[in-house]
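Each chain, letter by letter, is given below.
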Amino acid sequence: MDFFIKYLLSILIFFPVVSIFLLLPVNKKNEGILRNLSTVLSLIEFIFSLYLFVYFKENTYKFQFVEKFNWIPSFGASYFLGIDGVSLFLILLTTLLTFVSLLSSYRYIKEHVKEFVILMLLLETFMIGTFAALDVLLFYLFWEFMLIPMYFIIGMWGTGRRVYSAVKFVLYTLSGSLIMLFGLIYIFIMHYDQTGNFTFNILRLYNTHISDDLQLILFIALFLGFAVKIPLFPFHTWLPDAHTEAPTAGSVILAGVLLKFGVYGFFRFAIPLLPKAAFILAPFIIILGVIGVLYGAFVSVVQKDLKRLVAFSSVSHMGFIILGLFAMSVISINGSVIQLLNHGISTGALFLFVGMLYERMHTRQIKDFGGIAKKAPILTTLFMISVLASVGLPGLNGFIGEFLILIGSFHSYPVLTIIAASGIIFAAVYLLWMFQRVMFQDITNPAAENFEDMNLREIITILPLVILMFLIGFYPMPFLDRIDPTVLHFVSMMNHHKAVYTVIKLKTGLSNA
Amino acid sequence: MDLKILITWLIPLFPLSGWLLWGLLGKYFKGLSGYIASGFVVASFILSVILFFIVAYSHGFTNTLYPWVYAGIFKVGVSAVIDRLSVVMLVMVTGVSALIHVYSIGYMQGDKGFSRYFSFLNLFVFSMIMLVISNNLLLLYVFWEAVGFCSYILIGFWYEKKSASDAGKKAFIVNRVGDFGFAVGIFLLFATTKTLNYEAVFTAIPSIPPYIVTTIALLLFAGAVGKSAQFPLHIWLPDAMEGPTPVSSLIHAATMVTAGVYMIARFHVIFSYSPVASEVVLIIGTFTAFLAAFIALTQFDIKRIIAYSTISQLGYMFMAVGIGSYTAGIFHLISHAVFKGLLFLTAGSVMHGLSGELDLRKMGGLYSKMKTTAVTFIVGGLALSGIPPFSGFFSKDAILADVYNKGFYFAWIIGEITALMTAFYIFRLIFLAFFAESKLDPGKHVHESPKIMTIPMIILASFAVIIGFLGIPPFNESLFYNFLHIDFKNAYDFAPFVNNAPWYLLSFISVLAGLSGIYIAYLLYIKKAVDPERIKSIFKPIYVLSYNKVYIDEIYNFLIVKPLLVFFDFLWKIIDVKVIDGAVNGIASAFAGFSVKARKIQNGMLMSYILTLSIGVAALLFYYFIR
Amino acid sequence: MEALFYIFSFIAIFSALMVITMRNPMTSALYLILCFFAFAGFYVILDMQFLAAMQILVYAGAIMVLIVLVIMLLNISKIKDMKPYLHQKIIGVLISLILFIEIIFYIFHGAQKKPIGIFTHALIKKIGNTQVIGEFLFTEYVLPFEIASILLFVAIIGAYLFAKKKF
Amino acid sequence: MNSYLIVASIIFSIGTLGVIIRKNLIVVFMSLELMFNSANLGFVAVSNHLHLISGDIFVIFVIVVAAAEAAIALGIAITFYREKGTIDIDKANELKN
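Protein chains in written order, with numbering that gives the first Met the number 0: chain A, 0 to 512; chain B, 0 to 626; chain C, 0 to 166; chain D, 0 to 96.
Any given hint could be a false lead.
[To be verified] Across the chosen pairs, the derived CB separations fall in these ranges:
1. 133/C - 5/D: 25 to 33 angstroms
2. 31/B - 53/A: 40 to 48 angstroms
3. 22/B - 451/A: 16 to 24 angstroms
4. 106/A - 65/B: 36 to 44 angstroms
5. 130/C - 5/D: 25 to 33 angstroms
6. 451/A - 8/B: 35 to 43 angstroms
Keep in mind the hints are simulated off the structure, nothing from the lab.
Backbone N, C-alpha and C define an ideal beta-carbon position, used for all residues, glycine too.
Just chain A, with the same shape it has in the complex (with noise of 0.2 angstroms):
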């Protein structure tokens, strides 16, 4: 047991790997087998990352469950893995995630079913890896190596332009991470620079000094890595083409836990390596974050298509994210964080009621649905408590989060918290709007008349998202607690660059005085 505990980060990261193993063997034509085999063992991973959650220890920002072995000693690589609180939630929804989106696809996955499973269990470790890497290479070769199975899975089982939107998504990240690359591997040079020591370590590189204005430009080349990720306004268009096109499965880890990448390469590399831009840059990064909710809200109102309307509802929310997370006081970035979570489940449980009404119905048109709760109360239920949390209704997760973030940020931007916070108005719109004409009034179509409600497979499929709506929204106190150490942690080694920051700033300017 105390090897499990000590090195259970491996353990996650490599188990989905060992898992494909045990699926190699199995005949492909036996479909039933591989999906039940892979849902059990991703349930297993998912069990084993709970652990992660009993075994941490709250009231500290310290990372825990730290491995460290060299990998590459002359470039001063190692293998180095290590959570604190935000990257915990994180790694818990992945598992849970991978889990659901397993389960889910039982009837939407209906070729190639061996080789789904196993794309989806390696795209498993990529993300949990690219989450645990404390270490810059490792975490850049997981995250480069998550689009590959994620280009399959959206280019082999997607709908429509597939091949279009997975290539489409494949260069738009792939840009942007490669300039990341070059910003990653300067700060490293320098760091080397400085002390001569070749280390990849980021919490050692935290230390490098660089110039005001090679920060900017460093800072720019990230952010552009991870913007794209997010997807900020303007990065965001291969967005709904990914998301629209991807199996239901894609679209839930696409929603998920991908976009969650670019957020958590903010907080974990970003602004801790290039402070002062940081500073500098925040007001125009807010900016964009504010353009992107409201963008997002007001072309989620015109959508025709399901899948086109709640991907843009997934650019909307991921403003709100930036905004806490820019706005750094303790408050927003909490809910931030929260929110990741929030955007994770509640997005992806939109995703799974788009999947299912698509698989029953053959059309992700709204204006062929309509009438379909008559038909099938438990799904209507389910989804408009889904619906709900993503609107932000209090009493469920989604409310928690915009609300931390908003008054978070209010102190610091105001305005721009204001006309975030207008989004909300919007979210209602769209949501209420696409519901009503979905699941309310009478049946047009036809093909409604034999809706079947949600079998058990899928209700078990939903369950777990909707009881974590619940919980956090009415007892977030769990998750709070473990996270806001790591962000008092965080907001308080910012403010003290940013004290630094103003002295120079003062020094500078009395001197051209």
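Add chains B, C and D to chain A, keeping to what the hints say.
Structure of chains B, C and D alone, referenced to chain A:
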């Protein structure tokens, strides 16, 4: 745990468990769920009454159930404040809810969404209770939105009807607009005071610059405008009548819509320290009272008439809180809850008897066929018109007297005119529905409602008669004032009394206004001394304006909704697809074009490859020389 | 020695020119063999008799046999040779001239290095050039040597595959 | 040493010229061999001048590579001839598109 704390948390627990029970297991209970749900609310009511007496004979208290959101300095718990204001509200909310639950058993009999109905009704009662007892702004905001959600879901209860689901959505979104202001107010409040706890906020308020207090108060008031359907956000309430009538009665008359008034009374410290904001409250309240009454004059849908009358009466309440007469506002809130709830229930009974008919032009002569309904309706109508000794008289006159005595004459005149119009339109309704000659379909079978519906009506009617007597002796010696004003002791007296007009004089004017309204209605619709059609043609423009609800919906649609939709479409189709994607694809196609050119170099001829290679080598060597 | 060098140079340059100007590939091949012999001569002058032997064996022997074999196999001599385009010729001449000038320029302007190794003529003569090369090949360069053997192996397989009628 | 290098460069240029202007695959290949050889000569000459042995070793490897290359290239030539019926390298445009 202390007994009173236990009671405090048991009150919301009953309806909450009801919601979970019907929500999850509704289909196993079927018909029974109505009775058990009502039982739960009755239990809450009994506990509320007990709590009322505990507080009345000792003093208020606060209690925190569990820490809810702690992030940095942002610390908010799930906590309750139990003082006289909240117990009065509790008793009112649970009492009216209990009666309406019972009534609903009859009204909703046979509906296929029976359990669902009671589930959400219970959820609403839970949210309303929590709204009333919450001890910080965040919790208040949560349940502020939660009641809005219940209202949304219950308005759209018959979701197959497009109009119903449209109305629900409209209610939710319009409320969200108000809530947006409310939320920003909370942000500002937190940014200035660093706390959201009532007690701490109120202590901090006097030391905050007045302009900030005013901003906060106005933003909070925006929430109240949305929730309590005041101009310019009143448009959702008439449409909300698409919901089942008991819902209209409970949510859109008695409880939820009055939350705005309760909120201002609860935050009397903030509002009283900002005379400007209070002035705005008064102006909006007065204007809304007049506007809604004006619209109600010409409507034919009985539920809509009552809905507009609700808006109008809420305007009175805002007048009261706008001049700092918080007890008067709350008193009118309570009495209005009783008589307006009653009016809706009786309207529902009429609908029930006429199988869903709402149009006044197709009614008439119902008095003989449904006596109980008619009598209780008239009681409610008299209370609304402010005829003594019915409750409306005491509560409305308390407000109008205060308005006069505090020197707001213009508001007072408008108030009196509104009172006249109020009496007119409600008796126009009564006369047309119950006394004028019948215009019913001859084949239609009209029947009195079952006992389970009439008994709550009778109970409410009797309360509508007796509850007003809490308001004697008039002014600041009344029972109600003495009980409640202790909670408002921290208010800043920004509008002192300037007159001391005797109550009988003011009451006389009000009663005169009410009676003349009734008399005009009598002349027009019973005696037919003047043909209503003639008046209609004389005042044609005004009539058209009133009949079309002053075109506010159309104006919104034309000025806001349409342009926004066009703009959104533009954003998506032009900005997103053309500009951004176009830029990206443009870069891509530029590369593609370049590579088409570049491909010509690779013509597949080995010769030229070698040639190029040699040129390259030569050039490279050359570079080394010049270096 | 000087005389030998000039003779070999003349033969090498002349035969190289012949290689590229002769119409018939067979003639070119024969001139190429001559050229290789001249190179072998250079190696002898430079005290690398082993390399000279290699040159004769591998180039003049193996590779040229292969080429001649292919020429005969395909019976190319009879195929009418295609005339190069004029502009190609001009460019070719120009480019190779430029290259040549550059190389010459480089040779004369590059820094003339002093001898840095220990393998003087005397030493090599004393040990014997074959032994020197052999020792180096099997100590310091043993890994490239092995790789070269793998390369050859691969080439054999590749040639076999190419020559097969169908892939 | 310079004289050796000059000879080497002359032959190298001739090889280049041959590669560029000739169209017969076999002749092109032979020109390539010429270039190899000139490079070899350079190696040996410089190595001799600097009293080193590595240049000579390198020549051995070059010969090895040349042998391997010859085997492959001639294999290609045969296949090419079989496919096209000619060994004009201007006909070798499979790389196009």
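Consistency of the hints with the structure:
| no. | hint | verdict |
| --- | --- | --- |
| 1 | 133/C - 5/D: 25 to 33 angstroms | holds (31 angstroms) |
| 2 | 31/B - 53/A: 40 to 48 angstroms | holds (42 angstroms) |
| 3 | 22/B - 451/A: 16 to 24 angstroms | holds (21 angstroms) |
| 4 | 106/A - 65/B: 36 to 44 angstroms | holds (41 angstroms) |
| 5 | 130/C - 5/D: 25 to 33 angstroms | holds (31 angstroms) |
| 6 | 451/A - 8/B: 35 to 43 angstroms | holds (41 angstroms) |
Hint check: no violations occur; every hint is consistent with the structure.
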